[in-house]
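Asks: Chains as they are written, first to last, in the UniProt record's numbering: chain A, 1 to 212; chain B, 1 to 212; chain C, 1 to 212.
Keep in mind that the hints were calculated from the coordinates and are not lab data. Please read these numbers as outputs of a predicted model, since none were measured by experiment. No residue lacks a Cβ here, since even glycine has one placed at the ideal position from N, Cα and C. Take the hints with a grain of salt, since some may be wrong.
Here are the in silico distance ranges between beta carbons for each label pair [stated by the list, open to error]:
hint, chain 1, residue 1, chain 2, residue 2, range
1, A, Gln114, C, Glu169, 50 to 58 angstroms
2, A, Asn8, C, Gly171, 30 to 38 angstroms
3, B, Leu190, A, Tyr70, 27 to 35 angstroms
4, A, Val183, C, Ser201, 32 to 40 angstroms
5, C, Leu74, A, Ser201, 31 to 39 angstroms
6, A, Gly171, B, Lys91, 27 to 35 angstroms
Far from chain A, by Cβ distances over 12 angstroms, these chain B residues were calculated [said to hold, decoys possible]:
hint, residue
7, Met27
8, Asn115
9, Phe167
10, His196
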Amino acid sequence: MIELSFFNILDLLGTVAFAISGALSAMNRRLDLFGIFIIAFVTAIGGGTIRDILIGSTPVTWMENTIYIYLIGLVTILAIIFRKKLDHLKKSLFLFDSIGLGIFTITGVELGIQNNLNPIISITLGTMTGTFGGVVRDILCNEIPVIFRKEIYATACIVGGLAFIFFYELGMAQDVIYIITSVTVIVIRLLAVKFHISLPSFYLSQENTLQK
Amino acid sequence: MIELSFFNILDLLGTVAFAISGALSAMNRRLDLFGIFIIAFVTAIGGGTIRDILIGSTPVTWMENTIYIYLIGLVTILAIIFRKKLDHLKKSLFLFDSIGLGIFTITGVELGIQNNLNPIISITLGTMTGTFGGVVRDILCNEIPVIFRKEIYATACIVGGLAFIFFYELGMAQDVIYIITSVTVIVIRLLAVKFHISLPSFYLSQENTLQK
Amino acid sequence: MIELSFFNILDLLGTVAFAISGALSAMNRRLDLFGIFIIAFVTAIGGGTIRDILIGSTPVTWMENTIYIYLIGLVTILAIIFRKKLDHLKKSLFLFDSIGLGIFTITGVELGIQNNLNPIISITLGTMTGTFGGVVRDILCNEIPVIFRKEIYATACIVGGLAFIFFYELGMAQDVIYIITSVTVIVIRLLAVKFHISLPSFYLSQENTLQK
Numbered sequence: 001m002i003e004l005s006f007f008n009i010l011d012l013l014g015t016v017a018f019a020i021s022g023a024l025s026a027m028n029r030r031l032d033l034f035g036i037f038i039i040a041f042v043t044a045i046g047g048g049t050i051r052d053i054l055i056g057s058t059p060v061t062w063m064e065n066t067i068y069i070y071l072i073g074l075v076t077i078l079a080i081i082f083r084k085k086l087d088h089l090k091k092s093l094f095l096f097d098s099i100g101l102g103i104f105t106i107t108g109v110e111l112g113i114q115n116n117l118n119p120i121i122s123i124t125l126g127t128m129t130g131t132f133g134g135v136v137r138d139i140l141c142n143e144i145p146v147i148f149r150k151e152i153y154a155t156a157c158i159v160g161g162l163a164f165i166f167f168y169e170l171g172m173a174q175d176v177i178y179i180i181t182s183v184t185v186i187v188i189r190l191l192a193v194k195f196h197i198s199l200p201s202f203y204l205s206q207e208n209t210l211q212k
Numbered sequence: 001m002i003e004l005s006f007f008n009i010l011d012l013l014g015t016v017a018f019a020i021s022g023a024l025s026a027m028n029r030r031l032d033l034f035g036i037f038i039i040a041f042v043t044a045i046g047g048g049t050i051r052d053i054l055i056g057s058t059p060v061t062w063m064e065n066t067i068y069i070y071l072i073g074l075v076t077i078l079a080i081i082f083r084k085k086l087d088h089l090k091k092s093l094f095l096f097d098s099i100g101l102g103i104f105t106i107t108g109v110e111l112g113i114q115n116n117l118n119p120i121i122s123i124t125l126g127t128m129t130g131t132f133g134g135v136v137r138d139i140l141c142n143e144i145p146v147i148f149r150k151e152i153y154a155t156a157c158i159v160g161g162l163a164f165i166f167f168y169e170l171g172m173a174q175d176v177i178y179i180i181t182s183v184t185v186i187v188i189r190l191l192a193v194k195f196h197i198s199l200p201s202f203y204l205s206q207e208n209t210l211q212k
Numbered sequence: 001m002i003e004l005s006f007f008n009i010l011d012l013l014g015t016v017a018f019a020i021s022g023a024l025s026a027m028n029r030r031l032d033l034f035g036i037f038i039i040a041f042v043t044a045i046g047g048g049t050i051r052d053i054l055i056g057s058t059p060v061t062w063m064e065n066t067i068y069i070y071l072i073g074l075v076t077i078l079a080i081i082f083r084k085k086l087d088h089l090k091k092s093l094f095l096f097d098s099i100g101l102g103i104f105t106i107t108g109v110e111l112g113i114q115n116n117l118n119p120i121i122s123i124t125l126g127t128m129t130g131t132f133g134g135v136v137r138d139i140l141c142n143e144i145p146v147i148f149r150k151e152i153y154a155t156a157c158i159v160g161g162l163a164f165i166f167f168y169e170l171g172m173a174q175d176v177i178y179i180i181t182s183v184t185v186i187v188i189r190l191l192a193v194k195f196h197i198s199l200p201s202f203y204l205s206q207e208n209t210l211q212k
C-alpha cells in the first residue's frame, strides 16, 4: 500500500460520500447485495476514473491502491446495516452527493494544475470529476440525472473551481484552498436546493419543438 | 495557444456544428444556461474525446487548447440569442448534426492513418468519432439515439471513410481528400433523409421475440 | 497480422460469443444491417476496450489487429442468415452472453496480473471486462441491463476471478486456470438462472423511498 497524501485522503473522502449515495440509490431500486456494491463502486470511482482517463493517468487511481475497493465494500456493508437510520433517504442522498461533489471538484482542478493545463480547462476537469459519478449512478438506477434537475448543480462546481484558481493565483496555502473550494461547492448546492435557486432556461417556441 | 493546423481547423468546425446541435437539443429539453452549455460541450467534444482515448492520445485534444471551450461557450450563447431564428428546429438540428458527422469522420480516419492503424480500423475510428457525440447527446437528452433511427447514419461515415482511404491510396492531396470525404458523408446523409432511404432490417419471427 | 497467443484466442472466442448476443439483441429491436453490426461490435469489444483503457493499454486491442473487425462482421452476417435457427432467442442470447462473460473475465484478471495489479483489483478488472459489453448492449437496445436482473450475474465473475487467483497462487498451469475460471463463471450463471438463485436484496421502508 502506498503512502497517502492529503490529495489521496480527499479522494477517499469523496469516494466514501459517493459510495453512500450510490448504495442508497441502489437500495431504493431493490438491487441485491452485489448490485448495491457495484452501483456504490461505480458512483464512487466514476468521477476520478474519467478524470484519470482524460489526462492519461493510467492505470487509474483506484487500481493502484486497494484501499478504494476495501473502503467502498465497507461503506456498502455499513450503508446496508444502517439503512433504517438513514431515514429521509432524499436528504441523506442529497447531503452525501453534495459532499462528494465538493471534494471531487478539488481533485479534478488540482490534477489539471499539476498537469500544467490551463486554468479554465482545470475547472472543466474539476466539474467533470465532481459530476460524472452521480450522472452514471442516476443513469444506471434509472433516475433523472441529477445534473438536469432544476436546481444549480454543475454550476456549483464551476464556481468552486473559480475560487480554487483565484486563491491559487494569490499563492494561498494548498490546504486552505482545498477547504474553501469544497465548502463553496457544498454551500452553493445546499442553498440552491433549500431556496430553489435555479438559472434561467431558454426554450424554443411551442411550434418549434421536436415532434416525438 | 498552439498554432492551428488544417486538421485543428476541421476539428473546430466539427466542434461548432455539434455544439449547435447540442444546444438546440438542450433548449428543446428546457435546460438552464449551464445545462445547455454542458450538453453543447459533451456533444461537441464527445467524438474527438473517444477517438483520442481509444488511440491513447492524452491529455485529449480539447484539454491542450482553450479555444475549444471558449468556442463552445460562444456558440452556446449565440445559439441561445438566435434561437428564434433557428426555426424549424428539426431541420437545423439535422443540418448541423450532418456537418459535424462529415467533419469528425475525417479527423478519426486521419488520426487512424497517422497512428499507422490498418485502413479498415481507421474507417471504424472515423465512424466512432463521427457518431459518438450525437449518440451521447441523444442519450442525455432522452431522444431515440440518432444512430437507431430509420435512415442511414453510421453508414454514411463508413462510405465517407472508404472514399478517404481510396483517394489517400491514390496519393491525392490531403485537402482534396478532406473535402471529398466530408461532402460524401453529408450528401449521403441528406439524400437518405430526403428520400427516406434505409437499409433492410432483419427481425426474428413473432413468437421468437423476447418477452418483456 | 500479429501472431495469436492463447490469450488472443480466448479474447476472440469471447468476442464471437458477445457479437452473437449483440446481433440477436439488435435483430430483436428490428435494426438495419449496419445497426446490427454496430451493436454486435460494441457488445463484443466493449468489455475489452474498457479493460484496455483503464490499465492504459492503448491503442486498444481491437485496433491493433484487424481480425476482430472481420470476425465480428462475419459473425453478424452468419447470425442474420441463421436467425431462424437461433430459435428460442432468449435461450440463445443467454447462452452466448454467459460464454462471453466467462471468457472475458479471464482476460481481465490475466491482464491485471500481468500489470502487477493487486489480486482483488485484478478480479474487479475481470468483472468489469466480463460485464461491460453486455451492459452497453442492453442500454443501447433499451433492455433492462442484464446486471440488474434478479439472478446472479457479476457475482459469477467475482467467484470465477477468485478461482483464478487461488489456482494461480497454487502455481497451476495457465491453460488449466483459464479453463477452470471460465467453466466456473458459466456454470454458476447457468445454475443461477435454471434454479432462480439470487442474492438477498435490501430495501428501504416504503415511506423512505424516493418520490418520483
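Asks: Evaluate each hint against the coordinates.
Replies: Structure-based check of all given hints:
Checked against the hint of 50 to 58 angstroms, the pair Gln114 (chain A) and Glu169 (chain C) fails, with Cβ atoms roughly 37 angstroms apart. Asn8 (chain A) and Gly171 (chain C) have their C-beta atoms about 34 angstroms apart, which keeps the hinted 30 to 38 angstroms range intact. The given range of 27 to 35 angstroms is broken by Leu190 (chain B) and Tyr70 (chain A), whose C-beta atoms sit roughly 55 angstroms from each other. The given range of 32 to 40 angstroms is respected by Val183 (chain A) and Ser201 (chain C), whose C-beta atoms sit roughly 37 angstroms from each other.
Taken as a hint, the range 31 to 39 angstroms is violated for the pair Leu74 (chain C) and Ser201 (chain A), whose Cβ atoms sit roughly 49 angstroms apart. In this structure the supplied range 27 to 35 angstroms is violated for Gly171 (chain A) paired with Lys91 (chain B), their Cβ-Cβ distance being about 53 angstroms. A beta-carbon of chain A comes within 12 angstroms of the beta-carbon of Met27 (chain B); the shortest separation is about 5 angstroms. Consistency note on Asn115 (chain B): stated as away from chain A, and its beta-carbon is indeed over 12 angstroms from all of that chain's, at 15 angstroms minimum.
Look at Phe167 (chain B): its CB is around 33 angstroms from the nearest CB on chain A, clear of 12 angstroms, so calling it non-interface holds up. No Cβ of chain A approaches the Cβ of His196 (chain B) within 12 angstroms, the least distance being about 16 angstroms, so the stated non-interface status holds.
This entry does not satisfy hints 1, 3, 5, 6, 7, going by the numbered hints stated previously.
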